[in-house]
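Which chain is which? The protein sequence lines are A and B, in order.
In this note's numbering, each residue carries its 1-based index in the first sequence increased by 71.
In this note's numbering, each residue carries its 1-based index in the second sequence increased by 155.
The hints are simulated quantities; they were obtained by calculation from the structure and are not laboratory data.
Don't take every hint at face value.
[Unchecked claim] Residues from chain B that keep clear of chain A, each with C-beta distances beyond 12 Å, as calculated:
1) Ile200
2) His308
3) Phe465
[Stated by the list, open to error] Label-pair ranges, simulated between beta-carbon atoms:
4) Arg221(B) x Gly182(A): 22 to 32 Å
5) Leu82(A) x Tyr492(B): 39 to 49 Å
6) Gly160(A) x Thr163(B): 47 to 57 Å
7) Gly160(A) x Gly294(B): 54 to 64 Å
8) Ala163(A) x His167(B): 20 to 30 Å
9) Arg101(A) x Ala211(B): 51 to 61 Å
10) Leu82(A) x Val162(B): 29 to 39 Å
11) Gly294(B) x Ile158(A): 28 to 38 Å
12) Met138(A) x Gly442(B): 45 to 55 Å
13) His124(A) x Leu251(B): 20 to 30 Å
14) Trp475(B) x Gly174(A): 30 to 40 Å
15) Val222(B) x Arg101(A): 23 to 33 Å
16) Leu82(A) x Leu235(B): 25 to 35 Å
Idealized CB from N, CA, C, for every residue including glycine.
What follows is each chain in one-letter form.
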Amino acid sequence: MNFTLLVTVVLTALLFVVIVVVLANLLAPRSYNKLKEEPYECGIPARGSQWGHYHLGYYLFAILFLMFDVETMFLFPWAVVAGSLGIQGLVAVLFFLFILILGLAYAWRKGALAWH
Amino acid sequence: MFDFSIVTKWFHSLLCGVMPEWTAIGIECLIVLLFIIVLYAILAIVLIYMERKVCAFFQCRIGPNRVGKWGLLQVFADVLKMLTKEIIKMRQSDRLLHDMAPYFVLAASFLTFACIPWNKGLEILDFNVGAFFFIAVSGIGVVGILLAGWASHSKYPIIGAMRSGAQLISYELSIGMTMLTVIMLCGTMQLSEIVQQQADYGWNIVRGHVPAVLAFIIYLIAGNAECNRGPFDLPEAESELTAGYHTEYSGMGFGFFYLAEYLNLFICSAMAATIFLGGWAPLMIPGLDGFNAVMAYIPGFVWFFAKAFFVVFLLMWIRWTFPRLRIDQLLSLEWKYLLPISMFNIILMALVVCLGLTL
């Protein structure tokens, strides 16, 4: 594990952004116009609150994602040793996967995957 | 196959001979930094030019051909234009988050970029949990995109960001599961080790036969969605959302998103090439010794780039062929088709590995 390189890569990204932003600020022209600061809305004056309502479905998928992502995370250590554990390990994980699929089937049945 | 780690080790001992070790490591880090930035910039230029030309040929057009010979300088002109554009500061936006969002997207892109094994012994971040690390850091990009949409304080960006967030997290599951099948086949998460095994025993897509091919197809679809491209470009559907989450970015702020999008395309393809198509491993056909000897002469990074750009071309082909999906179709494609199929695929691969049915 080489954490020096990890830090280097993060710093590279930071440096790249900083250099380009500074360069862009030096090169870019400036002119003040009150209308430029308005949020874009097809050229008409913006109406109402910009942070409006959006579909609840996005949250449902986010919650489902959380469930499945955490559970696939548990599969990674097994995947590395899957070959050496053999059939016994496979049966144990099949039970785990069965519960995972049951969860998906439950969400599907309950209509969480439908877009209302 | 030439082992590049000989060169890096020789360089390290050379530097350590004339200066203390910490300065040597400092200089090496500086070289790595320059290497990443230069390669990143070159790949961005190549990819943007390629995308425009490929798109043009698919649509029976010529594409950029005014700036320089065959329009080769078009990308440089674009970058120059973007740099000299006025940076518009929104009055109601959350300035700090608005400026930080491109950094998150680029940081995710750089970190995943650094995971790729370019050649034997030529990889920057080579953790023993490499594949896991790759999935983890690619998740940072979602944060950047959601921040960009939220901080813009405008209607189109927030709709684009919500769509993009839902899409990216959904398809991340399939990416994780297809990688899981490959990890199962190789028995390691270290990316350089995965490629080394493919050089020894044949490419994963051949070695894992049915489940590996299935995983490769699922990876291509999910990877295409992860890059916000092709039939899955809902977050920035021009006709309905102007430009999605980066509507309110001007000049280089937009440039960063643009850059990260193209590099993510390359990273996604490079990862497909690494885990399925053998990375830097040359094409070897058992029995044809003369052919294999010739193939082994071609340097590893040439093989790597050839495979990566082949997948890039495939993804561009998909992008310019299929019509855009609706958001509900997009999510049901992932949750009702790809996710169950990839779970089934994991079981199939586990059976293949446990029963020793690999080729």
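Cross-check of the supplied hints:
no.: 1; hint: Ile200; verdict: holds (15 Å)
no.: 2; hint: His308; verdict: violated (5 Å)
no.: 3; hint: Phe465; verdict: holds (26 Å)
no.: 4; hint: Arg221(B) x Gly182(A): 22 to 32 Å; verdict: violated (54 Å)
no.: 5; hint: Leu82(A) x Tyr492(B): 39 to 49 Å; verdict: holds (41 Å)
no.: 6; hint: Gly160(A) x Thr163(B): 47 to 57 Å; verdict: violated (38 Å)
no.: 7; hint: Gly160(A) x Gly294(B): 54 to 64 Å; verdict: violated (28 Å)
no.: 8; hint: Ala163(A) x His167(B): 20 to 30 Å; verdict: violated (45 Å)
no.: 9; hint: Arg101(A) x Ala211(B): 51 to 61 Å; verdict: violated (36 Å)
no.: 10; hint: Leu82(A) x Val162(B): 29 to 39 Å; verdict: violated (24 Å)
no.: 11; hint: Gly294(B) x Ile158(A): 28 to 38 Å; verdict: holds (33 Å)
no.: 12; hint: Met138(A) x Gly442(B): 45 to 55 Å; verdict: holds (48 Å)
no.: 13; hint: His124(A) x Leu251(B): 20 to 30 Å; verdict: holds (25 Å)
no.: 14; hint: Trp475(B) x Gly174(A): 30 to 40 Å; verdict: holds (37 Å)
no.: 15; hint: Val222(B) x Arg101(A): 23 to 33 Å; verdict: holds (27 Å)
no.: 16; hint: Leu82(A) x Leu235(B): 25 to 35 Å; verdict: holds (26 Å)
Checked against the numbered hints above, the structure violates hints 2, 4, 6, 7, 8, 9, 10; every other hint is satisfied.
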